[in-house]
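As a plain string of letters, each chain reads:
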Amino acid sequence: MKQAPLLSLLVGERGTAVFLAIVAIVGIVVPVMHLVPAQDSALQLSGYTMTLIGKYMTYALLAVAVDLVWGYCGILSLGHAAFFALGGYAMGMYLMRQIGTRGVYGDPVLPDFMVFLNYKELPWFWHGFDMFWFAMLMVVLVPSVLAYVFGWLAFRSRVTGVYLSIITQALTYALMLAFFRNDMGFGGNNGMTDFKDILGFAINTPSTRVALFVASAVALVLGYLACRYITLSRAGRVVQAIRDAESRTRFIGYRVESYKLWIFTFSAVLAGIAGALYVPQVGIINPSEFQPINSIEVVIWVAVGGRGMLYGAVAGAVIVNYAKTFFTAALPEFWLYALGLLFVVVTLFLPRGFVGLLDRFGRKPPAPPASPVDVKAVVA
Amino acid sequence: MRRFFRYAFVFVFVTVLWTAAAKAQTTAPAPGDVFATAVAGLAADNFPEKSAAVTALSELKHPNGRAVLAALLDGELYFRNSDNKVFITDGGEELLALTDPLTLAAAGSGKPDDYSRITTNNSLRKTLRSAVASFALSDPDAGVRLAAVREMLRSIDDDSVAILRASMEKESDADVRKAMHEGLALADLDSAEADTRLTAVAALKDSLSPDVYNRLTAMVTAAEDGTFAEPDERVRTTAREVIASIDSSRRVYSTIETLFFGLSLGSVLVLTAIGLAITFGVMGVINMAHGELMMLGAYTTYVVQQAMPNHIGMSIFIAIPLAFLVSACVGMLIERGVVRFLYGRPLETLLATFGVSLILQQVVRDVVSANNRPVETPAWMAGSMQINEALSITYNRLYVILFMIVVFVILQVVLQKTSLGLKVRAVAQNRNMARAMGVRTQWVDAMTFGLGSGIAGVAGVALSQLTNVGPNLGQQYIIDSFMVVVFGGVGNLWGTLIGGMSLGVVSKVLEPWAGAVLAKILVLVALILFIQRRPRGLFPQKGRAAE
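Taken in sequence, the protein lines are chains A and B. Residue 21 in the numbering used here sits at position 21 of the first sequence, and the numbers go up by one each step. Residue 100 in the numbering used here sits at position 100 of the second sequence, and the numbers go up by one each step.
Keep in mind the hints are simulated off the structure, nothing from the lab. Just so you know, even glycine gets a beta-carbon here, dropped at the ideal spot from N, CA and C. Treat the hints loosely; a few may be bogus.
[Unchecked claim] Some but not every residue of chain A turned toward chain B, in silico, with C-beta under 8 angstroms:
(1) 166
(2) 199
(3) 261
(4) 296
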């Protein structure tokens, strides 16, 4: 570490520098192209495209969160979309309360679906969501408390490997079933939609959209740098040691459970923030966000980009989602084949993802990270 | 020559005997004549004569009597205007299809103008109803008798009480006796005598019929002015006791029913999970395409049924081995093509097989259809077994349990008694040591994967009878089957059996109390908590390989 710490954080790695440069350019150029040129100009970027890129950025943040636990700590979470959706629901509840009397039924307090389902008063867990700061607190608090409790239970009893993956999947599945229930008070299978404004600004105006877009870009950069800071720190290296040889790290004297727990919880917070930025841009949140397949898809973004490299996760999220947008429009029946093949090809032939592939052409490849189980087998 | 005479003698003797017997038959039909007279009597032009004829018919117990009386009751008995001959008809407007009441053979048809309907009045209809009922009560089939008793109980009056009392003494079948007993007791509840009512209430102690329950509850429920439908305090007390006893036996039966539902759900879970447990236990590989292999089994059933639409009942028996083969082959392809490159990297295997599952789903969508396919249920699997009025068992649930047991036993035999099973267990316990002893572990892996996948196909055949067969069939069950495997542990198949059965029963016990979805959520949460206590399930794998 010859460079100053901050400088090293920003440009110490070529991929990170490229990533930061791209986000900075996109974060400035896209809003300008959306706002400045005339409506019919060739340079004009439609609101749809800008929101789409904003959506990709929230996905990228989610991918970074997953990469932090999977790529750096070896915890394959198949339930991270649950934290994303919980953050989204917290934001959705705030946006629902902002609708006020403009709903179809015009009730000043109750959201439309509650009037429809004959609620007499606001359920206790909806109180406070009319305040933005409280909703933002919940965006952070709800995923982190869930992740903390779940992780505390799981890591303490040393649930690892596929067992952990499967119970994280069960967690998101259980949440999906719960949120599909009408009497949970979260809008049932319709979820929440028809949002009007956020912080007093109408949600569909170009300026609000630009603000949300920039917020996503800023959140992505901050989340990325936070993760990068963690992975470069001393604790980050312990976390990577846990990934490579959990038992050995424990025997050396580190409290493996605590490291895992904190990294898992932090990752859940990032996922929640990503969800909270996602909802106002797409304009809807419903229980299908909890579907187990969503969480698995996030994992494949990371695998495609290259796990164990934060910029790889970002690249993977953007590549796969762009492909998804393209295929579902052009060749809808081909998308599942493509996605399925991607899973197979990446795991079989590209253990370090596309970024690893670029590296191979660009310069001498670093040794691929050893898979946790390989090492375990050797230790055993 | 002598021999010829002997034959001739025998021939003549036999001929004489035969003609004598034939003659005896033709001269014997005295009951038929009486019957014919009685039937002819129905065409009389006054009601007393008709009534007498009906009584005569019901006393004769002629086999055709019931059809005649029933036709009369339904207004479908006519006589020919020209000669007063009686016919059973279909009551047709344009043309009457005639049936001869004496032989019950078709007797052509005739114009309605040439025939007249035999009319009835209220009192005659009443006589007729009890006559028809008493015919049914003497039917040789116990089921018909039981149905007749139930029918009579629906509108009970003095006449039917008398008939029931009369036929109860002759009744041999226990169920029918019980129904009659119950009916008479219900009738006695209307008696003016408090003692009769008391006996009747006490006699209803073992009845599970909802009629009885409602009737007794009505007796002891206070009206708004504080009076009771039943004036006598003693009778009310007994009725309350009887209600309590009925309640408790109903609870017992509903517990049995819940248990049965739970066991059948558990059997489905075991079927879907057991193949997964084998691959996971032996290779440490989570096969996310397991659900899609079940889906292939279900589609195989569909294809077999399409190929032999006239033998649906048999198709299942062809579909089972075929589904096993199809899924086993696809499974071995997955193992050879993908999984074997990823041994020792379970998380990557999980992702790769998930990719395979997406491809398989899309293949089925493109090749067959994106919509659900109709799979027929063989006739022998439909219907249910009525144990008593509070408990009935549907056959398809019963067969699922039996099928699961058969599959489980076969698997146990394969794993414990065959050479393949020995090798599979050896590889599961210690792969390196097994290889050192000369076991071709690669071959064993392929066979194990094939076996597990084949079982998934067989489970798919069972699922095709229980749920919709569509491209998403596998996804609905995959998480549940993971749960069973994680809960049961992969030490041996008993873990899967006990795990699946207990999850099934617990879900069904929770369901009436919490609702289906909430029950499922509770089970999932309980499982997540359980894993904290036993991270390797109920029956963990032992030995060094378990880490």
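Let's test the interface hint: is any C-beta of chain B closer than 8 angstroms to that of residue 166/A? For residue 166/A, the interface hint holds, since the closest Cβ of chain B sits about 5 angstroms away, which is under 8 angstroms.
Just to be careful: measuring from the Cβ of residue 296/A to every Cβ in chain B, is the smallest value less than 8 angstroms? holds, 6 angstroms
Chain B contact restraint on residue 199/A - CB to CB distance below 8 angstroms: Violated: closest Cβ of chain B sits about 35 angstroms from residue 199/A, beyond 8 angstroms.
Taking 8 angstroms as the limit, does the beta-carbon of residue 261/A come near enough to a beta-carbon in chain B? violated, 13 angstroms
Violated hints, listed in ascending order, are 2, 3; each of the other numbered hints is respected by the structure.
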